[in-house]
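Undergrad: Sequence:
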Amino acid sequence: MYIKRMELKGELVVEASIETLREAAKIMFGASLKEEVDNGKIIFTFETVVCPPRIIVEDIGEGKYKVTCQSKCSISQCPYWQRCIEVDNERLKAYEITLRKLIGDKAIRETKYRWTPERIKEEEMEKIIDKLIRRGEG
Numbered sequence: 001m002y003i004k005r006m007e008l009k010g011e012l013v014v015e016a017s018i019e020t021l022r023e024a025a026k027i028m029f030g031a032s033l034k035e036e037v038d039n040g041k042i043i044f045t046f047e048t049v050v051c052p053p054r055i056i057v058e059d060i061g062e063g064k065y066k067v068t069c070q071s072k073c074s075i076s077q078c079p080y081w082q083r084c085i086e087v088d089n090e091r092l093k094a095y096e097i098t099l100r101k102l103i104g105d106k107a108i109r110e111t112k113y114r115w116t117p118e119r120i121k122e123e124e125m126e127k128i129i130d131k132l133i134r135r136g137e138g
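Residue 101 in this note's numbering is what sits at position 101 of the sequence shown, and the numbering runs on without skipping anything.
The reader is advised that the hints may include incorrect statements.
To be verified - Straight line, CA to CA, 25 Å or less: simulated SDA-like cross-link-like pairs of lysine to any residue:
no.	residue 1	residue 2
1	Lys101	Gln82
2	Lys26	Ser76
3	Lys127	Lys41
4	Lys66	Gln82
5	Lys26	Lys112
6	Lys106	Asn39
7	Lys72	Lys106
8	Lys41	Ile108
What the hints assert, rightly or not - Simulated DEER-style distance windows between Cβ atoms:
no.	residue 1	residue 2	range
9	Pro79	Glu110	17 to 27 Å
10	Thr111	Cys51	31 to 41 Å
11	Lys106	Ser76	21 to 31 Å
12	Ser17	Pro79	34 to 44 Å
Note that these hints are calculated values from the structure, not bench results.
Even glycine gets a Cβ: it sits at the ideal position worked out from N, Cα and C.
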């Protein structure tokens, strides 16, 4: 099952500062954002009781970072793991859109989605993210 999860997980390669990546995570997760470092990876977590969503940032050198989303499963032998991967990929797509809004298209060096997010309507998501960014500026 772990190999199957890895095959479906999306990832981004971005060229940005940690501060920008943190700001994008704050826009995504709001006041419930928790940040920690584990094995050299920065993990932004939305604090919830069950299966907290996480944005995982790994330094790959030269100011570039690999970004993935992976919920921390709280349920042993969970039968919903595939749906969680789909939601994580949708979350990663929303994070990508947020980064594009903050720093532009050039900062996103590479995108890999092995499962294409179906529910993300980019235009609608961009409008929502614009509102969240403006709210944070005010």
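Undergrad: Holds or violated: 17 to 27 Å for the Cβ distance of Pro79 and Glu110?
TA: The hint (17 to 27 Å, Cβ to Cβ) is violated, given that Pro79 and Glu110 are roughly 32 Å apart.
Undergrad: Is Lys41 close enough to Ile108, meaning Cα to Cα at most 25 Å?
TA: 19 Å, holds
Undergrad: Lys127 and Lys41: Cα distance at most 25 Å?
TA: Violated. Lys127 to Lys41 sits at ~30 Å, over the 25 Å cutoff.
Undergrad: With a cut-off of 25 Å on the C-alpha distance, tell me whether Lys72 and Lys106 pass.
TA: 30 Å, violated
Undergrad: Is Lys26 within 25 Å of Ser76, Cα to Cα?
TA: 29 Å, violated
Undergrad: Honestly, do Thr111 and Cys51 meet the 31 to 41 Å range at C-beta?
TA: The hinted range 31 to 41 Å is violated for Thr111 and Cys51, with Cβ atoms some 24 Å apart.
Undergrad: Below or equal to 25 Å on CA atoms is what counts here, so check Lys26 against Lys112.
TA: Given that 25 Å is the threshold and the Cα spacing comes to 23 Å, the pair holds.
Undergrad: Check whether the Cα positions of Lys106 and Asn39 lie no farther apart than 25 Å.
TA: 28 Å, violated
Undergrad: Next pair to validate is Lys66 with Gln82; report whether the Cα-Cα distance is within 25 Å.
TA: 22 Å, holds
Undergrad: Do Ser17 and Pro79 keep their Cβ atoms within the hinted range of 34 to 44 Å?
TA: Check passed, 40 Å falls within 34 to 44 Å.
Undergrad: Evaluate the given range 21 to 31 Å for the C-beta pair formed by Lys106 and Ser76.
TA: 43 Å, violated
Undergrad: Lys101 and Gln82: Cα distance at most 25 Å?
TA: 29 Å, violated
Violated hints for the displayed structure, listed by number in ascending order: 1, 2, 3, 6, 7, 9, 10 and 11.
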